[in-house]
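Kindly produce the complete structure, drawing on both the sequences and the hints.
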Amino acid sequence: MTDRLRQASGIVLHRAGDPRVYLVRRNPALRFMGGFWAFPGGAVGRSDRGGAHRVEGAPDELAPFLLSAAREMFEEVGLLPFELPETGRRTLRERVLDDEDAFIAFLEAGDRTIPASLFRPVARLITPDFYPIRFDTRFFLVDGERCCGEEEPSVVQGELVDGAWDEPGRWLERWRRGEILIAPPVVLMLEILQRRGLDGAMDELAALGEGFERGRIEPIFFNPAAQLLPLRSPTVPPATHTNAYLVGRDPAYLIDPGSPDEAEQTKMDEALEEALNRGVRPRAILLTHHHPDHVSGVEAARRRWNLPVWAHRSCAQRLEGRIGIDRLLQDEETIPLGTAPSGRKGWRLRCILTEGHAPGHLCFFEEEYGTLFTGDMVSTLSSIVIDPAEGSMVQYMDSLRRLIDLPVRMILPAHGPGTPRGRALLEQQLVHRQEREDAIATAYRSGTVEIEAIVREVYRDVPETMHGLAALNVRAVLDKLIDEGVIAPEGES
Numbered sequence: 001m002t003d004r005l006r007q008a009s010g011i012v013l014h015r016a017g018d019p020r021v022y023l024v025r026r027n028p029a030l031r032f033m034g035g036f037w038a039f040p041g042g043a044v045g046r047s048d049r050g051g052a053h054r055v056e057g058a059p060d061e062l063a064p065f066l067l068s069a070a071r072e073m074f075e076e077v078g079l080l081p082f083e084l085p086e087t088g089r090r091t092l093r094e095r096v097l098d099d100e101d102a103f104i105a106f107l108e109a110g111d112r113t114i115p116a117s118l119f120r121p122v123a124r125l126i127t128p129d130f131y132p133i134r135f136d137t138r139f140f141l142v143d144g145e146r147c148c149g150e151e152e153p154s155v156v157q158g159e160l161v162d163g164a165w166d167e168p169g170r171w172l173e174r175w176r177r178g179e180i181l182i183a184p185p186v187v188l189m190l191e192i193l194q195r196r197g198l199d200g201a202m203d204e205l206a207a208l209g210e211g212f213e214r215g216r217i218e219p220i221f222f223n224p225a226a227q228l229l230p231l232r233s234p235t236v237p238p239a240t241h242t243n244a245y246l247v248g249r250d251p252a253y254l255i256d257p258g259s260p261d262e263a264e265q266t267k268m269d270e271a272l273e274e275a276l277n278r279g280v281r282p283r284a285i286l287l288t289h290h291h292p293d294h295v296s297g298v299e300a301a302r303r304r305w306n307l308p309v310w311a312h313r314s315c316a317q318r319l320e321g322r323i324g325i326d327r328l329l330q331d332e333e334t335i336p337l338g339t340a341p342s343g344r345k346g347w348r349l350r351c352i353l354t355e356g357h358a359p360g361h362l363c364f365f366e367e368e369y370g371t372l373f374t375g376d377m378v379s380t381l382s383s384i385v386i387d388p389a390e391g392s393m394v395q396y397m398d399s400l401r402r403l404i405d406l407p408v409r410m411i412l413p414a415h416g417p418g419t420p421r422g423r424a425l426l427e428q429q430l431v432h433r434q435e436r437e438d439a440i441a442t443a444y445r446s447g448t449v450e451i452e453a454i455v456r457e458v459y460r461d462v463p464e465t466m467h468g469l470a471a472l473n474v475r476a477v478l479d480k481l482i483d484e485g486v487i488a489p490e491g492e493s
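When we follow our numbering, the leftmost residue of the sequence shown carries the number 1, and every step to the right adds one.
Worth double-checking, as some hints may not be accurate.
Unchecked claim - With beta-carbon atoms standing in for the labels, derived distance ranges:
{"no.": "1", "residue 1": "482", "residue 2": "251", "range": "45 to 51 Å"}
{"no.": "2", "residue 1": "60", "residue 2": "154", "range": "28 to 34 Å"}
{"no.": "3", "residue 1": "56", "residue 2": "6", "range": "22 to 28 Å"}
{"no.": "4", "residue 1": "450", "residue 2": "428", "range": "25 to 31 Å"}
{"no.": "5", "residue 1": "464", "residue 2": "274", "range": "41 to 47 Å"}
Calculated from the structure, these hints are not laboratory results.
Heads up, the beta-carbon is just placed ideally off N, CA and C, and yes, glycines get one too.
Printed below as a string of C-alpha cells:
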C-alpha cells in the first residue's frame, strides 16, 4: 500500500438563492466508488499542472487544482465559463473527454484564463490511509449561474451515468432510506450543508479537513448501517489496519476493536465520544474471531465503555484466560438493533457462522441495507490466508457459498474499504479460489509436489515477500484435495 497522494479536485455546484447542490452518479462498473453519488470532480492531470498559468488570481499551489476543477466541471457536467456556440461546445466537450490536453489547447488557442474568483475553496480532504488509493482533494464552491449563465448541467454516459439537483437534506433522506449510495466524504459534507446552509458551512468544512490531517478518525459511512473505524494494527500485509465498526444506533454494537496501540485506541475513543453526542448508544462488543489484530483492543474498550463482550463458543475457548466472553453467540442468532435510520422498526443483525479461516468465525449480516460485516472471510485488499494449523479450505469454501446465498448489497470487511459489489465480490473470491485449487492440483499431478515449488509455479503474480503466506494456502488446498480423494498423498499412488 502506497502513501503517495494523488491530487484531485471536487466541485460543490449550486445556484445563488437555491439550497440545492448537484451530484453525479459514478458508473457501477467502476472499481473505485462505482455506483456512488458524489460531487463532480476528478484527478489533477499532467496538463492541469503544466497549464496552471492559465488560472488568473490563484496562488501557485492552488492553481493546478482549480484548473482541474474547471476542466472536470466541463467534462462531467458540461459547464464552461466561456461563451461558445452549441455545436462548438459539444465538439470541444467530446475532444476533452477523449483527451484532457484538449482543454489546455482550447485555453491557449483563445488566450483564455480561468478566473479564480469563480471557484471558492471550501475544504481539503485527504483520503484516510487505510485505502489502497488515496487522494488529496480540494473542493471548490461554484455558483453555476454566475460561472456559466443559464446553462443546465448534463452528464455524458461513461464514467458517469446520472446527475441531479437536490437539497442536502433530501439527498441524505434518500441515502438513509437505502435508495442510493453516497460517497463517504460527501455524506459528511452534506450533513454540514444541511445543518449550516451554504453560507454558514464554510468555516466548518474548512475545519473538517484540518482535524483529519491531525489524525482524527473521519466519520466514514459507506451506508447508514455502520460507521467504519480504521485502526492501525499488527496485521497481515498488504493490510496495515483492522477495521472496527460501530453498527446501529440505539442500541449499537462495536465489532472487532483490534488495535493494541494506545494512540489508535484513543482515536477510537474520540470517535465513540462523537457518536455518543449524535445519540448512538453502544451496548456490547461483538467479535468475528480470536486473531490478535481483531481482539487486542477489546479489554481497553471494555474498561473504557463498560461493555460486555459477545462471541461464538469456539472463539471464546481460544481466548480463555486472556479475554472473558460474557455471552456466547449462536449461528443464525439475531441481535435487535431497534429502529433503522430509514425509520423502519425491527432492525436486526444476524450471526452467520463462517468457519474455515478460524474456528468460531462469525460474519454479521445487517438486513435493512444488506450489509455484510465479513471479518476475515473476504478482504478488498487481497486474498485471505487459510492456515491449516487452525483453518480448513473445505470449510472456507463452504462458508463462501453460504454467504453468496444471502441478499448482500454492501460488504464491510476487516481489511480495506467497503464495497457495494456485495455478492459479486463473494462470487469472484470463490472463482479465484477454485482457479488456484485447479492450478495447484495440476502442478502436483505433474510432479511438482514440494510446497515451495508449487508456490513459485502457481503464485507468480504474488510478490516473493508474500510467498510464505501463499505456502499456507497451498498446504490448505493440498489437504482439501487429499481429503476429497482428488490427489493421493506424496509417496502414494
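Now for the hints, and whether the structure bears them out:
1. A beta carbon spacing of about 46 Å between residue 482 and residue 251 agrees with the range 45 to 51 Å that was offered as a hint.
2. As the Cβ distance of residue 60 to residue 154 is approximately 33 Å, the hint placing it in 28 to 34 Å holds.
3. Between residue 56 and residue 6 the CB atoms are about 26 Å apart, so this pair conforms to the stated range of 22 to 28 Å.
4. In this structure the hint that residue 450 and residue 428 lie 25 to 31 Å apart at CB holds, the actual value being about 30 Å.
5. Separation of residue 464 from residue 274 is about 43 Å and conforms to the stated range, judged on CB atoms against 41 to 47 Å.
When each numbered hint is compared with the structure, no violation occurs for any of them.
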